[in-house]
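Colleague: Sequence:
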Amino acid sequence: MKKASQDGPGQWRTWWYVCLGGQIVFLPFIFVMSGRWSPWRAREDAEAHRRAADEELAALARD
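Going by the numbering used here, 54 is the number at position 54 of the sequence shown; the sequence numbering is gapless.
I should point out that these hints are in silico values taken from the structure, not numbers from a laboratory.
For every residue, glycine included, the Cβ atom is placed at its ideal position computed from N, Cα and C.
Just so you know, not all the hints are guaranteed correct.
Simulated DEER-style distance windows between Cβ atoms [as the list claims (entries may be wrong)]:
{"no.": "1", "residue 1": "Asp45", "residue 2": "Trp16", "range": "38 to 46 angstroms"}
{"no.": "2", "residue 1": "Ala46", "residue 2": "Gly21", "range": "30 to 38 angstroms"}
{"no.": "3", "residue 1": "Arg50", "residue 2": "Leu27", "range": "54 to 62 angstroms"}
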């Protein structure tokens, strides 16, 4: 128990630095991730994709 109480603050600090490092490493990915962040625009994209897919399937069915 005594050793655990002595090691606790150092282990907490280590994990804090690990989490901080992870945030720093992944922060640049915010700017390069693709996708729609607006539900309205995402819905528009999904509907456009569905229409294009339906047109392609209809064209294949005619052949």
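Colleague: Decide, hint by hint, whether the structure agrees.
Modeller: For each hint, the structure was consulted:
At about 40 angstroms, the beta-carbon gap between aspartate 45 and tryptophan 16 stays in the expected band of 38 to 46 angstroms. A hinted range of 30 to 38 angstroms for the beta carbons of alanine 46 and glycine 21 is consistent with their spacing of about 36 angstroms. Take arginine 50 and leucine 27: their Cβ atoms lie about 35 angstroms apart, and the range 54 to 62 angstroms is violated.
The earlier numbered hint that this structure contradicts is number 3, and it is the only one.
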